[in-house]
Each structure stands twice: as C-alpha cells, then as structure tokens.
Amino acid sequence: DVKVTQSSRYLVKRTGEKVFLECVQDMDHENMFWYRQDPGLGLRLIYFSYDVKMKEKGDIPEGYSVSREKKERFSLILESASTNQTSMYLCASSRLTGQATEAFFGQGTRLTVV
Amino acid sequence: GQQVMQIPQYQHVQEGEDFTTYCNSSTTLSNIQWYKQRPGGHPVFLIQLVKSGEVKKQKRLTFQFGEAKKNSSLHITATQTTDVGTYFCAGNGGSQGNLIFGKGTKLSVKP
Numbered sequence: 001d002v003k004v005t006q007s008s009r010y011l012v013k014r015t016g017e018k019v020f021l022e023c024v025q026d027m028d029h030e031n032m033f034w035y036r037q038d039p040g041l042g043l044r045l046i047y048f049s050y051d052v053k054m055k056e057k058g059d060i061p062e063g064y065s066v067s068r069e070k071k072e073r074f075s076l077i078l079e080s081a082s083t084n085q086t087s088m089y090l091c092a093s094s095r096l097t098g099q100a101t102e103a104f105f106g107q108g109t110r111l112t113v114v
Numbered sequence: 001g002q003q004v005m006q007i008p009q010y011q012h013v014q015e016g017e018d019f020t021t022y023c024n025s026s027t028t029l030s031n032i033q034w035y036k037q038r039p040g041g042h043p044v045f046l047i048q049l050v051k052s053g054e055v056k057k058q059k060r061l062t063f064q065f066g067e068a069k070k071n072s073s074l075h076i077t078a079t080q081t082t083d084v085g086t087y088f089c090a091g092n093g094g095s096q097g098n099l100i101f102g103k104g105t106k107l108s109v110k111p
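Just so you know, the sequences run in chain order D and A. Start counting the first sequence at 1; every next residue gets the next number (this note's numbering). Start counting the second sequence at 1; every next residue gets the next number (this note's numbering).
The set of hints was computed from the structure by calculation and includes no laboratory data. Yeah, the Cβ is synthetic: ideal placement off N, Cα and C, and Gly gets one too. Honestly, I wouldn't trust all of these hints.
[Unchecked claim] So, partial list: chain A residues that the calculated Cβ filter (under 7 Å) puts toward chain D: (1) Y10; (2) Y22; (3) P43; (4) T77; (5) N98; (6) L99; (7) K103; (8) G104.
[Claimed, not checked] Chain D regions said to be covered by chain A (calculated; three or more residues, Cβ under 8 Å): (9) 43-54; (10) 101-111.
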C-alpha cells in the first residue's frame with residue numbers, strides 16, 4: 001500500500017520558533033510537494049521538488065524554506081513561525097514523467113502558531 | 001503565473017439531485033486531474049483527463065475536458081450522502097509535473 005507519511009498530525013508552536021514539518025514517501029517518486037490549505041483558499045503550493053537537492057518556489061514561498069537531502073524525504077521549514085502561518089499543511093508526491101501524474105497526499109499536519 | 005479557477009465554491013443539494021463543478025484555466029493545460037477530499041481527510045485522486053474533448057465516467061460521475069483544453073467539469077448524477085466533500089481540479093503547471101489546484105467546490109448533501 002503506497003504511503004505518504006507526515007511526521008505530525010497536530011502541532012502547536014510559539015511565535016518566532018523554528019518549525020520543521022517532515023514528509024516521507026515510500027513510492028520512489030521524484031516529485032514532492034508542500035501545500036497549505038486554508039478555508040476558501042483551496043490548496044496553495046508553497047514549494048515543490050523534482051529531484052534530490054532540487055527545489056522550486058510555488059505560489060506562496062515567503063516565510064518558508066525546504067530541504068530534500070534524500071529522495072524519500074521532503075522537509076518544510078518555517079524559519080520563524082508567525083500566527084498567519086497557522087494552517088493545514090499537506091505533503092504530496094508523484095512520479096516525474098514530463099506531465100503531471102497522480103499525486104498522493106499525506107494525512108496533513110494542522111499547525112497552530114500561538 | 002498559471003491560475004485555475006473553480007466554481008461554485010459551495011453547493012448544497014438534496015439527495016438525489018445532480019451536481020456540477022466547473023474548472024477554468026488561464027492557459028492551455030496538458031492534462032487535468034480531479035480529486036475528492038472527504039471532511040477531515042486528505043485529497044484523493046479521482047481521474048486524469050488528457051485528450052481534447054475527452055469524457056470519462058466513473059459510475060455516477062462524469063468528467064469532461066474542453067476542446068481547447070482550458071476548462072473541465074465534473075458532474076454527479078443523483079447525489080448520495082457519500083458524495084459529501086470538497087472536489088478539486090488540478091492542472092499541470094509546468095514541465096516538471098507541478099500541480100496547480102483550483103480552490104475547490106464543497107458539496108453538501110441533505111438526506
């Protein structure tokens with residue numbers, strides 16, 4: 001059974017903290033994505049990666065960075081968490097074929113910044 | 001950058017009524033995907049359309065891709081309470097297989 005696993009289901013962090021969200025996939029996918037989901041705004045792409053050590057900015061990269069040191073792992077980093085980063089964060093992965101292919105999502109991490 | 005617009009944002013129907021959500025892109029898409037997210041869950045892939053004018057069916061769900069490959073629709077016939085959730089379309093945002101999602105249509109079904 002294919003799987004995308006996010007390290008935490010719920011997180012509560014303080015303003016100014018450095019926050020790491022981890023995502024691991026077991027499907028040997030080249031592509032990995034981080035989205036945030038907010039009511040009425042849908043899924044907005046933060047960053048994606050199509051290979052180890054490669055990253056591309058999405059629509060809303062400000063305040064975030066990412067790390068892809070191994071193919072199976074894609075980390076999202078909030079350098080200094082702020083209350084406007086309170087959201088549901090979804091990680092996804094897919095194969096790289098030149099066209100978009102089915103994306104598999106993790107269960108999501110609901111982050112609250114207080 | 002590329003944008004994918006989806007309407008309506010919300011739809012409330014009586015069980016047994018039909019439902020349609022529409023998706024429009026600012027640019028021509030190489031393909032379009034549809035996902036369903038149940039309440040409290042994560043998006044799950046439903047289908048991918050690739051060809052101009054393509055129509056695909058999954059039981060009561062009918063998916064269409066426009067002739068110009070800039071719009072798509074999902075139609076559900078005779079909705080059931082199990083259809084409740086948010087339906088997203090997603091278009092290819094570039095050669096690396098990036099996915100740009102619409103804002104989704106949240107469907108509620110009254111029994």
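Hint check results:
1. Y10: Status violated, d = 10 Å.
2. Y22: violated (14 Å)
3. P43: holds (5 Å)
4. T77: violated (24 Å)
5. N98: holds (6 Å)
6. L99: holds (5 Å)
7. K103: For A:K103, the interface hint holds, since the closest Cβ of chain D sits about 3 Å away, which is under 7 Å.
8. G104: With a closest approach of 5 Å, the A:G104 hint holds.
9. 43-54: holds (count 5)
10. 101-111: Contact hint for the stretch 101-111 of chain D vs chain A: holds, 8 residues under 8 Å.
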